[in-house]
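Using the sequences and the accompanying hints, generate a full structural model.
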Amino acid sequence: MPSPKLVSLDYAVEMVEPGSSITISGITFVRNPTLFTAALIKKGIKDLCFIDREPGFALDMLAAAGSLRCIRAAMASFELYGLAPNVRRLAEEGAVEYIEDACGAVIAGLRAGAQGVPFMPARGLIGSQLLELHEKKWGTWRRIRDPFTGEELVAVKAINPDYAIIHVHLSDEYGNAVIEGPRFEDELKIRAAKRVIITAERIVDWEVLRGFKHTLSATSIHVDAVVHAPRGAWPTAMPGHYEADYNAIKDYIESSREGRAREWAIKNILQKAQ
Amino acid sequence: MPSPKLVSLDYAVEMVEPGSSITISGITFVRNPTLFTAALIKKGIKDLCFIDREPGFALDMLAAAGSLRCIRAAMASFELYGLAPNVRRLAEEGAVEYIEDACGAVIAGLRAGAQGVPFMPARGLIGSQLLELHEKKWGTWRRIRDPFTGEELVAVKAINPDYAIIHVHLSDEYGNAVIEGPRFEDELKIRAAKRVIITAERIVDWEVLRGFKHTLSATSIHVDAVVHAPRGAWPTAMPGHYEADYNAIKDYIESSREGRAREWAIKNILQKAQ
Amino acid sequence: MSSPRPTDNMIKCMADLIDNGDVVYHGLTSPLPVLAMVFARRILKRDFTWASVIEHIEPIVEKVKLKPSTGDPYVEPEPLGILTTIDAFDIAAKGKLTTMFFGAAQVDEEGNINLTVIGDYDKPRVKLPGGAATAYLFPLVPKIILWARHEPRVLVRHVDFITGPGRLRIEKGFKHLLCTNKALIEFTSKGPVLRRLLPGASIDDVLKSASMRIIVPDKVDVLEPVSEEEMKVIEEHDPQGIRYLQKMG
Amino acid sequence: MSSPRPTDNMIKCMADLIDNGDVVYHGLTSPLPVLAMVFARRILKRDFTWASVIEHIEPIVEKVKLKPSTGDPYVEPEPLGILTTIDAFDIAAKGKLTTMFFGAAQVDEEGNINLTVIGDYDKPRVKLPGGAATAYLFPLVPKIILWARHEPRVLVRHVDFITGPGRLRIEKGFKHLLCTNKALIEFTSKGPVLRRLLPGASIDDVLKSASMRIIVPDKVDVLEPVSEEEMKVIEEHDPQGIRYLQKMG
Numbered sequence: 000m001p002s003p004k005l006v007s008l009d010y011a012v013e014m015v016e017p018g019s020s021i022t023i024s025g026i027t028f029v030r031n032p033t034l035f036t037a038a039l040i041k042k043g044i045k046d047l048c049f050i051d052r053e054p055g056f057a058l059d060m061l062a063a064a065g066s067l068r069c070i071r072a073a074m075a076s077f078e079l080y081g082l083a084p085n086v087r088r089l090a091e092e093g094a095v096e097y098i099e100d101a102c103g104a105v106i107a108g109l110r111a112g113a114q115g116v117p118f119m120p121a122r123g124l125i126g127s128q129l130l131e132l133h134e135k136k137w138g139t140w141r142r143i144r145d146p147f148t149g150e151e152l153v154a155v156k157a158i159n160p161d162y163a164i165i166h167v168h169l170s171d172e173y174g175n176a177v178i179e180g181p182r183f184e185d186e187l188k189i190r191a192a193k194r195v196i197i198t199a200e201r202i203v204d205w206e207v208l209r210g211f212k213h214t215l216s217a218t219s220i221h222v223d224a225v226v227h228a229p230r231g232a233w234p235t236a237m238p239g240h241y242e243a244d245y246n247a248i249k250d251y252i253e254s255s256r257e258g259r260a261r262e263w264a265i266k267n268i269l270q271k272a273q
Numbered sequence: 000m001p002s003p004k005l006v007s008l009d010y011a012v013e014m015v016e017p018g019s020s021i022t023i024s025g026i027t028f029v030r031n032p033t034l035f036t037a038a039l040i041k042k043g044i045k046d047l048c049f050i051d052r053e054p055g056f057a058l059d060m061l062a063a064a065g066s067l068r069c070i071r072a073a074m075a076s077f078e079l080y081g082l083a084p085n086v087r088r089l090a091e092e093g094a095v096e097y098i099e100d101a102c103g104a105v106i107a108g109l110r111a112g113a114q115g116v117p118f119m120p121a122r123g124l125i126g127s128q129l130l131e132l133h134e135k136k137w138g139t140w141r142r143i144r145d146p147f148t149g150e151e152l153v154a155v156k157a158i159n160p161d162y163a164i165i166h167v168h169l170s171d172e173y174g175n176a177v178i179e180g181p182r183f184e185d186e187l188k189i190r191a192a193k194r195v196i197i198t199a200e201r202i203v204d205w206e207v208l209r210g211f212k213h214t215l216s217a218t219s220i221h222v223d224a225v226v227h228a229p230r231g232a233w234p235t236a237m238p239g240h241y242e243a244d245y246n247a248i249k250d251y252i253e254s255s256r257e258g259r260a261r262e263w264a265i266k267n268i269l270q271k272a273q
Numbered sequence: 000m001s002s003p004r005p006t007d008n009m010i011k012c013m014a015d016l017i018d019n020g021d022v023v024y025h026g027l028t029s030p031l032p033v034l035a036m037v038f039a040r041r042i043l044k045r046d047f048t049w050a051s052v053i054e055h056i057e058p059i060v061e062k063v064k065l066k067p068s069t070g071d072p073y074v075e076p077e078p079l080g081i082l083t084t085i086d087a088f089d090i091a092a093k094g095k096l097t098t099m100f101f102g103a104a105q106v107d108e109e110g111n112i113n114l115t116v117i118g119d120y121d122k123p124r125v126k127l128p129g130g131a132a133t134a135y136l137f138p139l140v141p142k143i144i145l146w147a148r149h150e151p152r153v154l155v156r157h158v159d160f161i162t163g164p165g166r167l168r169i170e171k172g173f174k175h176l177l178c179t180n181k182a183l184i185e186f187t188s189k190g191p192v193l194r195r196l197l198p199g200a201s202i203d204d205v206l207k208s209a210s211m212r213i214i215v216p217d218k219v220d221v222l223e224p225v226s227e228e229e230m231k232v233i234e235e236h237d238p239q240g241i242r243y244l245q246k247m248g
Numbered sequence: 000m001s002s003p004r005p006t007d008n009m010i011k012c013m014a015d016l017i018d019n020g021d022v023v024y025h026g027l028t029s030p031l032p033v034l035a036m037v038f039a040r041r042i043l044k045r046d047f048t049w050a051s052v053i054e055h056i057e058p059i060v061e062k063v064k065l066k067p068s069t070g071d072p073y074v075e076p077e078p079l080g081i082l083t084t085i086d087a088f089d090i091a092a093k094g095k096l097t098t099m100f101f102g103a104a105q106v107d108e109e110g111n112i113n114l115t116v117i118g119d120y121d122k123p124r125v126k127l128p129g130g131a132a133t134a135y136l137f138p139l140v141p142k143i144i145l146w147a148r149h150e151p152r153v154l155v156r157h158v159d160f161i162t163g164p165g166r167l168r169i170e171k172g173f174k175h176l177l178c179t180n181k182a183l184i185e186f187t188s189k190g191p192v193l194r195r196l197l198p199g200a201s202i203d204d205v206l207k208s209a210s211m212r213i214i215v216p217d218k219v220d221v222l223e224p225v226s227e228e229e230m231k232v233i234e235e236h237d238p239q240g241i242r243y244l245q246k247m248g
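Chains as they are written, first to last, in numbering that gives the first Met the number 0: chain A, 0 to 273; chain B, 0 to 273; chain C, 0 to 248; chain D, 0 to 248.
The hints are simulated quantities; they were obtained by calculation from the structure and are not laboratory data.
Check before you lean on any hint, since a few could be wrong.
[Said to hold, decoys possible] Here are some of the chain D residues that sit facing chain A, going by a computed Cβ distance under 8 angstroms: (1) Val22; (2) Thr48; (3) Ile56; (4) Leu79; (5) Gly80; (6) Ile81; (7) Leu82; (8) Thr83; (9) Asp89; (10) Ile90; (11) Ala92; (12) Lys93; (13) Lys95; (14) Pro141.
[What the hints assert, rightly or not] With a straight-line Cα cutoff of 20 angstroms, these simulated DMTMM-like cross-link-like pairs (lysine to aspartate or glutamate) come out: (15) A:Lys212 with B:Glu242; (16) C:Lys93 with A:Glu150; (17) D:Lys218 with D:Asp204; (18) B:Lys135 with A:Asp145; (19) A:Lys266 with A:Asp244; (20) D:Lys95 with A:Asp161; (21) A:Lys212 with B:Asp161; (22) D:Lys93 with B:Asp145; (23) C:Lys62 with B:Glu151; (24) D:Lys64 with B:Glu242; (25) B:Lys135 with D:Asp119; (26) D:Lys93 with B:Glu151; (27) B:Lys212 with A:Glu179; (28) D:Lys189 with D:Glu235; (29) B:Lys212 with C:Glu77; (30) C:Lys207 with C:Glu185; (31) C:Lys62 with C:Glu228; (32) B:Lys212 with A:Glu242; (33) D:Lys62 with A:Asp204; (34) C:Lys95 with B:Asp161; (35) B:Lys136 with D:Asp204; (36) A:Lys212 with D:Glu77; (37) D:Lys122 with B:Asp223; (38) B:Lys135 with D:Asp121; (39) B:Lys193 with B:Asp223; (40) C:Lys93 with A:Glu151.
Backbone N, C-alpha and C define an ideal beta-carbon position, used for all residues, glycine too.
Dropping the structure here:
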């Protein structure tokens, strides 16, 4: 087991290079790495390409802070509060390249990335106008034939983000980590990304993990840095630990209307944690 | 949650049609569905095609009973006791079609089967003479080009066995089931097979599963029948429940030398359980 | 207790489309599907498998409680276990995920839906939240239940952008249904056919409030309005009236 | 306590090939690799990641105890968690599984190995157990440590069947090593090169007991025999002498 990877939040944030591609854990209002994201936008990171299946809160924080060059997602929603407010603004202004993806295709691309193969065949997708855009505009999907039967399928190019930022329930200092409850694609993201930063509610000794009878969501082999981040998903939900704080989310949306979403996040997420 | 699927061992055994393809849980001497296999050979099932990555004990029982038309495996070993004795005999006599596979390719084929796509791209494999055999003799692998970069890869045809027989730690009567400890490819097999029979050490109420914070190895959606089978993996190991019984395994090998392996299995596995 | 509104009748109409043996999945921004699943299980006693974007398989239905997100794990507590979306979509790839709900910003006569953009993709008049699973699941799921507001700009002749291809579904013989706050419509090879009126809606109203041309057959069913007892169950799961934020009336 | 036999020295020789930072995986029928991993961790204090066909990542090394199967979970108790073989092989596909052991029925001058068949595939003289992960991992793992009996019919000029392609590894610049009960041999673009003699073996012996042509460089190292203390550790993990069933002497 090579050397420990437990680092400070500031140290881990410095690992993320401007201009790189990034994916994060969770969906809309569940298990987003909000503390890490707040630290990223405080640093003033720029030109990130963001990719995820159904992101929400933390994506919008990055959008609000002007940190993004492109967004690739199957849906970017604040659900009953409407489209993620800052994402919508950037997309409608044309201030960001917006690549609309499809859930099954994001999963296929992450699977290819995780397995170390350059593409993944997928069913579905044919008939949607998204197929034309992905084939011709973005080069991310391509119609292929099954080499055995000739059946038409879609090949999705492997997705290998430069960074995956994954918030988990517990991790040891080596990155052996456990996610409880819904996993979403986080275990694929951990395997598909070139570098993985784990933020964890709890840092535990090996002894807590031993005897654990299930697969680890991440192992030391996959992980580059571990950050202790209690309440590191607030105001999104951390299943088993805390619920989504919809009042805070509404407050964030209100701040967005006034163009103060970045300040809201730094003040309410980052400064409160310190 | 559709109707319960808990059936008797005899009933489940009758589900398996002669001439079909079959895969089972575990590896060499771990978590084989031996009780079910013993009942299958007692019934006198014929012409099965067996597929697995690193099978051992239960495969050899089927070989001993003359139940097999073909064997496809990356390794069929009794480890320090040598090659699976009855498999070796059949293979050397040419009494069975023997398709030697490779671990990574079996995984790729099961992945395709589980995902509902007709093939899976895989790395590795190129350079081995197995590639020629799979391409030309069996039609199971094919060299392809990545549609995005032109890189040469191997496409492995989807593996969708007619039946997967999976021995698990616990299941409810609907087939919501949990495997503890090593999984091997069993969760893929459950998803790749056309019909799934679960044999379980324990049948539990829903209430035992609730609050369980991890993915289920199988759900009611995947499973066709559930059989209560305490000690259903003996003499192979059931992690957390019982160890491999190497004395019994040696006894089986001894019986094989005398051509009595089938009788040994029926007597020691099936009759003892009843 | 309040009296039922069109939203509540719509929930009942959607619930009735769930059959015994179905494997049902709902996504994000889906308060009506969640309540339809509750209604189908608790009131109609339909025996189906409950799966969702929350990844909780078979939660305790009695404890389901709406929140502003239908991806929130606390909406569907105490599941039997986790069924990942990855796993659910693989089940879909094999045709075993039988029933799925989709909201839509536009639906057209072929049953195509648009969740991507109003206007041109590169110069959007309105950016929509995105199709999520639409493009992937439309060709795979045997029964899709769309839900949308019954308005001319929603029920259109041709969508601005085909996120989910309806025609392909009809060619495959899949069930392709639309619940609005006025009617249940089925997409067929001949076009959208009116199957059921919701309480209070007339055929005339259904036709006039849509840009799409809806076929009216000889026999059109009328939904029995949500009863007091049924309303009690809906309110038990959504005491705050989150369902009305969908603005279906 | 017994005195060390060639098998024990071979274990030490294999252990010394594990470096700090390696991610090491062993398969079935691998008593010598398991003991080499124990030796590397406990005696040589090498800091590597332990993975295996058992799917137990980082077991408590002090508690490792050989059994007739090296796929038996009770061989490597109390792991940190499960790392599936699927996951380990994906790690391999990315070049991050650094070190793997393979036994071989035949090894040839190019470092090709045969685990498939002696004779013709369709009319086997001897059916071998199968290559398992060989064909998949040979092109992927940066350091492979083969182990085999030092005999003319094992160390051959050309294998009967190429289960794992050695030449491809050498072309890629991967480490490709062979531990026998007499020597450590490294496969290079010029052929197999003798790197180390095991205690008691002579260069002459090494060359005469092989059909493959082995290159002898100016400098050949000699392995320090297993010490009493080291032997104590090996025996602690294999009190029954299961390792000797591999018939390496």
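Quick rundown of the hints versus the structure:
no. : hint                   : verdict
1   : Val22                  : holds, 6 angstroms
2   : Thr48                  : holds, 6 angstroms
3   : Ile56                  : holds, 6 angstroms
4   : Leu79                  : holds, 5 angstroms
5   : Gly80                  : holds, 4 angstroms
6   : Ile81                  : holds, 5 angstroms
7   : Leu82                  : holds, 6 angstroms
8   : Thr83                  : holds, 6 angstroms
9   : Asp89                  : holds, 5 angstroms
10  : Ile90                  : holds, 6 angstroms
11  : Ala92                  : holds, 3 angstroms
12  : Lys93                  : holds, 4 angstroms
13  : Lys95                  : holds, 6 angstroms
14  : Pro141                 : violated, 14 angstroms
15  : A:Lys212 with B:Glu242 : holds, 16 angstroms
16  : C:Lys93 with A:Glu150  : holds, 15 angstroms
17  : D:Lys218 with D:Asp204 : holds, 17 angstroms
18  : B:Lys135 with A:Asp145 : holds, 17 angstroms
19  : A:Lys266 with A:Asp244 : holds, 16 angstroms
20  : D:Lys95 with A:Asp161  : holds, 16 angstroms
21  : A:Lys212 with B:Asp161 : violated, 30 angstroms
22  : D:Lys93 with B:Asp145  : holds, 16 angstroms
23  : C:Lys62 with B:Glu151  : violated, 53 angstroms
24  : D:Lys64 with B:Glu242  : holds, 13 angstroms
25  : B:Lys135 with D:Asp119 : holds, 16 angstroms
26  : D:Lys93 with B:Glu151  : holds, 16 angstroms
27  : B:Lys212 with A:Glu179 : holds, 5 angstroms
28  : D:Lys189 with D:Glu235 : violated, 41 angstroms
29  : B:Lys212 with C:Glu77  : holds, 10 angstroms
30  : C:Lys207 with C:Glu185 : holds, 17 angstroms
31  : C:Lys62 with C:Glu228  : holds, 18 angstroms
32  : B:Lys212 with A:Glu242 : holds, 16 angstroms
33  : D:Lys62 with A:Asp204  : holds, 19 angstroms
34  : C:Lys95 with B:Asp161  : holds, 16 angstroms
35  : B:Lys136 with D:Asp204 : violated, 42 angstroms
36  : A:Lys212 with D:Glu77  : holds, 10 angstroms
37  : D:Lys122 with B:Asp223 : violated, 40 angstroms
38  : B:Lys135 with D:Asp121 : holds, 14 angstroms
39  : B:Lys193 with B:Asp223 : holds, 9 angstroms
40  : C:Lys93 with A:Glu151  : holds, 16 angstroms
Hints 14, 21, 23, 28, 35 and 37 from the list above are not met by this structure, while the remaining hints are.
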